[in-house]
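Enquirer: Go by the hints and put chain B onto chain A.
Chains as they are written, first to last, in my numbering: chain A, 1 to 180; chain B, 1 to 195.
Some hints could be false.
Beta-carbon label-pair distances, calculated as ranges [said to hold, decoys possible]:
no., chain 1, residue 1, chain 2, residue 2, range
1, A, R165, B, A92, 18 to 28 Å
2, A, R165, B, G157, 18 to 28 Å
3, B, G168, A, L159, 14 to 24 Å
4, B, K83, A, M70, 17 to 27 Å
5, A, L152, B, S112, 52 to 62 Å
6, A, K73, B, K83, 45 to 55 Å
7, A, D4, B, S50, 48 to 58 Å
8, A, L152, B, A92, 23 to 33 Å
9, A, R165, B, G168, 25 to 35 Å
10, B, T106, A, A65, 49 to 59 Å
11, B, N103, A, R28, 21 to 31 Å
12, B, K83, A, L58, 21 to 31 Å
13, B, R35, A, K73, 12 to 22 Å
14, A, G11, B, D89, 27 to 37 Å
Don't read these hints as lab results, they were simulated from the structure. Computed from a predicted structure; not experimentally measured. C-beta: ideal position from N, C-alpha, C; glycine also.
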Amino acid sequence: MSDDYLWDKRGEPDPDVQRLEQILGTLRYQEKPLEFPEQIAPARSINPVFLLAIAATLLIALVAAGLWLMVRKNQMPRNQLAIAPAAHSTPKPEKEAIAPNKPKTAEPVAANNPETQRRPHFAKAKIPAKPALSPMEQQEAFAAKQQLLLALRLASEKLNEVQRRTVAPTTPMKNQHKVG
Amino acid sequence: MYELEATADIFVMSTQAKAAERSTTDDPIEVRLVRKALEGDRDGFGQLYSLYGPLVHGILLARVPRSEVDDLVQDIFLHAFKKLNTLRDWAAFGPWIAMIARNRATDFHRRSRDTVEVTEDLKGSDESTTRAAEILEIVKALPDTYRETLVLRLVEGMTGPEIATRTGLTPASVRVNLHRGMKLLKAKLGLKEGL
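If we strip away everything but chain A, and leave its shape as in the complex, we get (with noise of 0.2 Å):
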């Protein structure tokens, strides 16, 4: 059977098949030593569940910083609150002071005056922002903070770990042409 032994070389041979085979096997496949240059390595694939990692550790960096600043965002109020009232009393004992013979009814013009409507909002921003938090709300400040500096530095330590473990060294080849 010339087919089988086309096909596997059983049975019968086709002797033009055998023909062949004795010409075309001078050209066969003569294995020479593979040369790796020094440095090649195959790359390492990334992991998805590194990628998760870091996905995670990102999310809970960015949960942290969320509530790092409500927390501040909530104390804000306070602050203002705080310096506010002191923002509109102060001028009031300056101007008698400046100005102690001034008549009383000079008052109600000063007070549809716009400029000297500003001056609470101008006094408030020259302020330094100070707040004046209680203990306890400094504690849970200091605690929101170094609680997001963790979670940041963390994300760092990860992101390095991942970076380290996923760059693999790489040489470039020579004679490389784009397959694939």
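Expert: Coordinates of chain B only, in the frame set by chain A:
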């Protein structure tokens, strides 16, 4: 923080455990060799090179000038070694590297734009090699589907089932390609000269 690190470590451990689970002795030789190569064992990849060298050589011989084949075989295996991590199914190393070889051959023709002279390819060290090169040129003139299978069978000495296993083609396809290709080759050789 420690909880997070522990969670990440558990993830890593679970993937390592899965990899260990996969390392059974029942795996095909390709799987074991690919695993070894991915672990940095160059001998493992060297065995893959020995096993699949004839396949890549045959695929290239059917497509590019003979003088270019040896260098391209080396290039392809080095490229495969670097990109081994992209191979999802380790058992499919043969079809994967066969596809790389076919693409590289196509790329070679795109770049060289037929500047390689065929006469260089026909030059042989002796009469038998010259004759072989002449017949090879006739084989290369056959349709794509037949020439690769014929070269693997007649030049590299692989059997039909081996060709099917290593290229990922179905045995039926290989069988059909072999018989139709041989019929065409015989007809062309008969027209040219008697064997």
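Enquirer: Hint by hint, note whether the structure agrees.
Expert: Verification of the supplied hints:
Checked against the hint of 18 to 28 Å, the pair A:R165 and B:A92 passes, with Cβ atoms roughly 26 Å apart. One distance hint, 18 to 28 Å for the beta-carbon pair A:R165 and B:G157, is violated here, with the actual separation near 44 Å. Look at B:G168 against A:L159: about 39 Å separates their beta carbons, and that is not inside 14 to 24 Å. As the Cβ distance of B:K83 to A:M70 is approximately 48 Å, the hint placing it in 17 to 27 Å is violated.
At roughly 54 Å, the beta-carbon separation of A:L152 and B:S112 lies within the given 52 to 62 Å, and the hint holds. Between A:K73 and B:K83 the Cβ separation comes to about 51 Å, which falls inside the hinted range of 45 to 55 Å. The hinted window of 48 to 58 Å between A:D4 and B:S50 is violated, with their beta carbons roughly 28 Å apart. For A:L152 and B:A92, the Cβ-Cβ distance of about 43 Å falls outside the hinted range of 23 to 33 Å, so the restraint is violated.
Between A:R165 and B:G168 the beta carbons are some 32 Å apart, a value that agrees with the proposed interval 25 to 35 Å. A hinted range of 49 to 59 Å for the beta carbons of B:T106 and A:A65 is consistent with their spacing of about 51 Å. Against the hinted window of 21 to 31 Å, the Cβ-Cβ separation of B:N103 and A:R28 comes to about 24 Å, which satisfies the hint. For the pair B:K83 and A:L58, the beta carbons lie near 29 Å from each other, so the given range of 21 to 31 Å is met.
A beta carbon spacing of about 54 Å between B:R35 and A:K73 contradicts the range 12 to 22 Å that was offered as a hint. In this structure the hint that A:G11 and B:D89 lie 27 to 37 Å apart at CB holds, the actual value being about 34 Å.
Figure legend: structure checked against the earlier numbered hints; hints not met, in rising order: 2, 3, 4, 7, 8 and 13.
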